[in-house]
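Participant: Please put together the full structure from these sequences, using the hints given.
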Amino acid sequence: MMAQTLFKTSIGRRSFLKTSVLAGGGLMLSFSWLGGCQLNPKDGLTMPKEWFELNGYLKIGENGIVTIISPNPEGGQNVKTSMPMIVAEELDVDWKNVIVEQAPLNTELYTRQFIGGSQAIRQGWRSLRLAGASARQMLREAAAQAWQVSVEEITTEAGTLFHKTSGKSAGYGEMASAAAKIQVPKEVKVKEVKEFKIIGTSRKNVEGRKIITGKPLFGIDTKRDGMLIAMIVHPPAFGMKLKSVEDSSAKGMPGIKDIFTIKTFDDAYERQYFDTCTFPEVVAVVGNTTWEVLNAKKALKVEWETFSDHTISRNAFGSTQAVDIPAGLESTTEHMANMAQWMTKSANVVRRDGNPELAFKNSAKIIERTYTAPFLAHNCMEPMNFFAHVTAKKAELVGPLQKPEFTEKALSSRLGMPLENIEIHMTRLGGGFGRRSYAHFLLEAALISQKMDAPIKLIYTREDDMTSGIYRPTYSATYRAALDADNNLIAFHVKAGGIPESPLYANRFPAGAVDNYLAEDWSINSNITVGSFRAPRSNFIAGAEQSFLDEVAEAAGKDPIALRLELLARASKNPVGENNEYEANRYAGVLELVREKSGWDNAKPHIHRGVAAYFCHNTYVAQVLEMTFENGKPGIPRVCCAIDCGIVVNPDAATNLAEGAIVDGIGNALYGAMTFKEGLPEKNNFNKYRIIRHSEAPKSIDVHFVQNEIDPTGMGEPAFPPVIGALANAMYKATNKRHYNQPFVQALETSALRM
Amino acid sequence: MAVINLNVNGKKQAVDVDPQTPMLWVLREHLNLVGTKYGCGIAACGACTIHLEGMAVRSCQLPVSSAENKAITTIEGLSENGDHPVQKAWLEHDVPQCGYCQSGQIMTAVALLHDNPNPTDAEIESAMHGNICRCGTYLRIRAAVKTAAKSQSL
Ligand code: FES
Ligand code: FES
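Protein sequences, first through last, are from chains A and B. Taken in order, the first sequence gives residues 642 to 1396; the numbers are from this note's numbering. Taken in order, the second sequence gives residues 4 to 157; the numbers are from this note's numbering.
Read the hints as simulated data drawn from the structure, not as lab findings. Remember, it's a predicted structure, so these values are computed and weren't measured experimentally. Positions of the beta carbon are idealized from the N, C-alpha and C atoms, including for glycine. Be aware that a few hints might be false.
List time: in silico DMTMM-like cross-link candidates among lysine to aspartate or glutamate, alpha-carbon distance up to 25 Å [claimed, not checked]:
#  : chain 1 : residue 1 : chain 2 : residue 2
1  : A       : Lys-845   : A       : Glu-1207
2  : A       : Lys-1238  : A       : Asp-1343
3  : A       : Lys-864   : B       : Asp-124
4  : A       : Lys-851   : B       : Glu-83
5  : A       : Lys-737   : B       : Asp-124
6  : A       : Lys-851   : B       : Glu-79
7  : A       : Lys-822   : A       : Glu-703
8  : B       : Lys-91    : A       : Glu-1195
9  : B       : Lys-153   : B       : Glu-79
10 : A       : Lys-884   : A       : Asp-907
11 : A       : Lys-845   : B       : Glu-126
12 : A       : Lys-864   : B       : Glu-79
13 : A       : Lys-1238  : A       : Asp-1293
14 : A       : Lys-1274  : B       : Asp-86
15 : A       : Lys-1340  : B       : Asp-118
16 : B       : Lys-153   : A       : Asp-1293
17 : A       : Lys-1238  : A       : Glu-1207
18 : A       : Lys-856   : B       : Glu-126
19 : A       : Lys-1092  : A       : Glu-922
20 : B       : Lys-149   : B       : Glu-71
21 : A       : Lys-737   : B       : Glu-83
22 : B       : Lys-149   : A       : Glu-848
23 : B       : Lys-149   : A       : Glu-1350
24 : A       : Lys-1274  : B       : Glu-79
25 : A       : Lys-939   : A       : Asp-1343
26 : A       : Lys-864   : A       : Asp-1156
27 : B       : Lys-153   : A       : Glu-946
28 : A       : Lys-942   : B       : Asp-21
29 : A       : Lys-1002  : A       : Glu-742
30 : A       : Lys-1245  : A       : Glu-1390
31 : A       : Lys-1324  : A       : Glu-848
32 : A       : Lys-835   : A       : Asp-907
33 : A       : Lys-851   : B       : Asp-21
34 : A       : Lys-805   : A       : Glu-836
Part of the chain A face toward chain B, derived, beta carbon under 7 Å [to be verified]:
#  : residue
35 : Met-1022
36 : Asp-1293
37 : Asn-1328
38 : Ser-1336
Facilitator: Right, dumping it as structure tokens:
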């Protein structure tokens, strides 16, 4: 007998309540955004006359067309296709009859409607399957009642219900109205992995056609009657605040409606975790059109002054913290010098196994290296923006953000308006990478709209966007390894820190694989604001650690993959310590796969290769990067990537995401850097901040997935961190020089010239 | 302010704006053609690429007055139903991630293939150099340009 997977629907049961029960009817049905941009049915689909809602995730038309509501914001991770695929699978419908609609923020109905931590598919897996499976069950029950047979005898296939013995059949559309009246089942059976027909097959981006035809999709495309355009002017440097504004001439310029200052947060308000805001007081310029506002912005005379040390209180998921904001105009040179001091100081011990001091003392060989990386700006292609229409009674907010539910509170408190009067609609994000988790721009938009008593769209110029902080922190890590006379790794020491936070993950590999292990962290405070950046902390520590392991392998006279596999075998058989945050066998699995697929054991002349492997966000990734030098120019002909993220929901989309993460990782490692001089960010647009471009991307990327039936895990971030290590290791082979300090571009170009 | 006569996507229309206004904002705010995107405002990212008399130009640096009565094509005017060979190739390769840069990429690619129907990899890379894709879809763009080149030559 086939094993059955039964899921209780009681977990997250609220998602299975019908919206009409919760919201007094029609919430989903009436929802659309971007002024009259109606649902665009796929080619050849006729829209039904009536929709029957089976639960908060789906509704079925009388003609069998299914609308699946995608709960999470979409910013290029393709969740708007992949999440509905999971619902469609369990509902058992033909994908070509599915339309996808974006859900508004609704914490009553959905959980975890945000982008972050590559968790959408992993954490949505269960509820999305349940949504499909329970609706299918309700349809089967409706058919059983109509045909007066037992529900057990009703089967389904591609949107049709069958009763084999009587030969009866009906489309889902015919039974939808009856099914909508049936109680949500308490328990439902979900499919076995081998029964999947949609999951595991490549389906095209549901918004692909809109993107390539330039349809309004993004927050910045929002338009309403009577809408004004707003921009902000913020302090030019970290450590500064507003002193005075001289706006008389700017105010009189054509099209300008008003100029005023806004305070994003009330002094008394306790900020929540994602309420990071670099410049809590800014000048707002409001006018009819962007061009007019841009001109007035330039004509504005604003005086700034330095601020003194101060403290704000912040609530980090339940506990109140005092956050000290130091005064001062900081510079990159001083950051580097301050971080370097930690190379020799002892820091805060986070994990300790065995007796590392003794092991280092008794070792035959010690290797010690320090790695650094700069602050990075996210540089989403769509600059920060938000639409707001705040009236005395309600607030409507439309735009791109990653964590709407973490912004609601600040908004409600700042506007003095209860949550139920606030509506937040999520548009497609023109990139997120962590930046849009910090939605101070949404508050700014709301406050400007409130003041103007008009609908407004706030747009950051690229310069405003790039210089308004919330960067990836700058980091440094010093590694030491001890080898015995037989070249065994007997001790490992990592000491990592940054401004203003440490990148250390003390319980990750090689913790658990070395008898004597020490992990320490430190941090230096700063007034430069930071925030999540694609694979936070991992995005530095992975590259540093994987470069260091390469040197350890070389010093031990071992193949770099062999050394890692040897350590992983140890961690699998006889792990050291507790809380090791990885499964050694899956880790080894991706290394084995990349070794095979990259042809690692067959080196080719003039192809310089580097390998790296990392585990973060529940997914294992190994990569081999190939580098060439032709006519003194470095090139990357190929990156081979092996991934274990469990079941792959949408393979081509997952491959696209991995390709993007690899290009992004190489780009940031080679070129990415935000530097400061006396508080001033030295780059404010793409002419100064170098972003990887077409010719600098790898010529080919091949992505291979480990085939298994493990529940799916994240894909947005895990392929990003290790490629930095693979790049550094390949650069070493190509240039005969190790590279420790990102961005690598200068060192690489100098080496290239010398070749 | 001045009345400027425009010819956008084959449609003649007039706008009353500051003649210095970049074409980008005229398209987006006055003509409601929001497919052309703002990315940098200084001709450094390519998100705002349109065709002026068939040539790819950065609309953020093109004063509306200098486009008067010239043929302008935006992503919306490339085809009736998204069936230009380049758009079709984009769908076939499922190129976009966030999608924000893609109309600019497509407009540059169309202009490239117009001048050079069968570009090499190096020619594609150099023609597309000015178009940033922050999501890193460069490999798919290259593949899609080649597919489009093939289908156009059929
Ligand atoms: S917006 Fe015109 S090139 Fe960037
Ligand atoms: S697809 Fe996101 S910037 Fe290109």
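Participant: Taking the hints in turn, state whether each one holds.
Facilitator: Against the structure, the hints come out as follows:
1. This hinted pair does not check out: Lys-845 of chain A and Glu-1207 of chain A have alpha carbons roughly 41 Å apart, beyond 25 Å.
2. A distance of roughly 9 Å separates the Cα atoms of Lys-1238 of chain A and Asp-1343 of chain A; the hinted pair therefore holds under the 25 Å criterion.
3. The suggested pairing of Lys-864 of chain A with Asp-124 of chain B is violated, with an alpha-carbon distance near 39 Å, which exceeds 25 Å.
4. Among the hinted pairs, Lys-851 of chain A with Glu-83 of chain B is consistent with the structure: their alpha-carbon atoms are about 13 Å apart, no more than 25 Å.
5. For the suggested pair Lys-737 of chain A and Asp-124 of chain B, the alpha carbons sit about 35 Å apart, so the restraint of at most 25 Å is broken.
6. Distance check on the hinted pair: Lys-851 of chain A and Glu-79 of chain B sit about 10 Å apart at the alpha-carbon level, within 25 Å; holds.
7. Taking the CA atoms of Lys-822 of chain A and Glu-703 of chain A, the gap is about 14 Å. The hint holds against a cut of 25 Å.
8. At roughly 49 Å between alpha-carbon atoms, Lys-91 of chain B and Glu-1195 of chain A are farther apart than 25 Å, so this suggested pair is violated.
9. Simply put, Lys-153 of chain B and Glu-79 of chain B have alpha-carbon atoms about 23 Å apart, close enough for the 25 Å limit, and the pair holds.
10. The suggested pairing of Lys-884 of chain A with Asp-907 of chain A holds, with an alpha-carbon distance near 18 Å, which does not exceed 25 Å.
11. Our distance criterion of 25 Å between C-alpha atoms is broken by Lys-845 of chain A and Glu-126 of chain B, whose separation comes to about 28 Å.
12. Taking the CA atoms of Lys-864 of chain A and Glu-79 of chain B, the gap is about 17 Å. The hint holds against a cut of 25 Å.
13. For the suggested pair Lys-1238 of chain A and Asp-1293 of chain A, the alpha carbons sit about 18 Å apart, so the restraint of at most 25 Å is met.
14. For a cut-off of 25 Å, the pair hint linking Lys-1274 of chain A to Asp-86 of chain B is broken: about 39 Å separates their Cα positions.
15. Straight-line distance between C-alpha atoms of Lys-1340 of chain A and Asp-118 of chain B comes to about 23 Å, which keeps the hinted pair within the 25 Å bound.
16. At most 25 Å may separate the alpha-carbon atoms for a hinted pair to count; Lys-153 of chain B and Asp-1293 of chain A meet this at roughly 22 Å.
17. Restraint check for Lys-1238 of chain A and Glu-1207 of chain A: satisfied, since their Cα atoms lie roughly 20 Å apart, inside the 25 Å limit.
18. At roughly 29 Å between alpha-carbon atoms, Lys-856 of chain A and Glu-126 of chain B are farther apart than 25 Å, so this suggested pair is violated.
19. At most 25 Å may separate the alpha-carbon atoms for a hinted pair to count; Lys-1092 of chain A and Glu-922 of chain A meet this at roughly 15 Å.
20. Of the pairs offered as hints, the one joining Lys-149 of chain B and Glu-71 of chain B is violated, with about 34 Å between alpha carbons and a cut-off of 25 Å exceeded.
21. Note on Lys-737 of chain A and Glu-83 of chain B: the hinted pairing holds, with a Cα-Cα distance of about 23 Å set against a maximum of 25 Å.
22. With a C-alpha separation of about 23 Å, the suggested pairing of Lys-149 of chain B with Glu-848 of chain A holds against the 25 Å cut-off.
23. With a CA separation close to 36 Å, the supplied pair Lys-149 of chain B and Glu-1350 of chain A exceeds the 25 Å bound.
24. Proposed proximity of Lys-1274 of chain A and Glu-79 of chain B is contradicted: the alpha carbons are some 39 Å apart, above 25 Å.
25. Using a Cα cut-off of 25 Å, the hinted pair Lys-939 of chain A and Asp-1343 of chain A is violated, with the two alpha carbons roughly 48 Å apart.
26. Between the alpha carbons of Lys-864 of chain A and Asp-1156 of chain A the distance comes to roughly 62 Å, so the proposed pair goes past 25 Å and is violated.
27. Restraint check for Lys-153 of chain B and Glu-946 of chain A: not satisfied, since their Cα atoms lie roughly 60 Å apart, outside the 25 Å limit.
28. Restraint check for Lys-942 of chain A and Asp-21 of chain B: satisfied, since their Cα atoms lie roughly 23 Å apart, inside the 25 Å limit.
29. Restraint check: the Cα-Cα separation between Lys-1002 of chain A and Glu-742 of chain A comes to about 63 Å, which exceeds 25 Å; the hinted pair is violated.
30. Pair hint Lys-1245 of chain A plus Glu-1390 of chain A holds up; C-alpha atoms about 23 Å apart against a cutoff of 25 Å.
31. The hinted pair formed by Lys-1324 of chain A and Glu-848 of chain A fails the criterion: a straight-line CA distance of about 33 Å is larger than 25 Å.
32. Note on Lys-835 of chain A and Asp-907 of chain A: the hinted pairing is violated, with a Cα-Cα distance of about 55 Å set against a maximum of 25 Å.
33. Under the criterion of a C-alpha separation no larger than 25 Å, the hint pairing Lys-851 of chain A with Asp-21 of chain B is inconsistent with the structure, at around 31 Å.
34. For the hint pairing Lys-805 of chain A with Glu-836 of chain A, the CA-to-CA distance comes to about 20 Å; that is within 25 Å, so the pair holds.
35. At about 4 Å, the closest approach between the beta carbon of Met-1022 of chain A and any beta carbon in chain B falls short of 7 Å, and the interface hint on this residue holds.
36. At its closest, the beta carbon of Asp-1293 of chain A sits 6 Å from a beta carbon of chain B; the interface hint therefore holds under the 7 Å criterion.
37. Proximity of Asn-1328 of chain A to chain B holds as hinted, the smallest CB-CB distance being about 5 Å (cut-off 7 Å).
38. Taken as an interface hint, Ser-1336 of chain A checks out: its beta carbon lies about 4 Å from the nearest beta carbon of chain B, inside 7 Å.
In terms of the numbered hints stated before, the structure departs from hints 1, 3, 5, 8, 11, 14, 18, 20, 23, 24, 25, 26, 27, 29, 31, 32 and 33, listed from lowest to highest.
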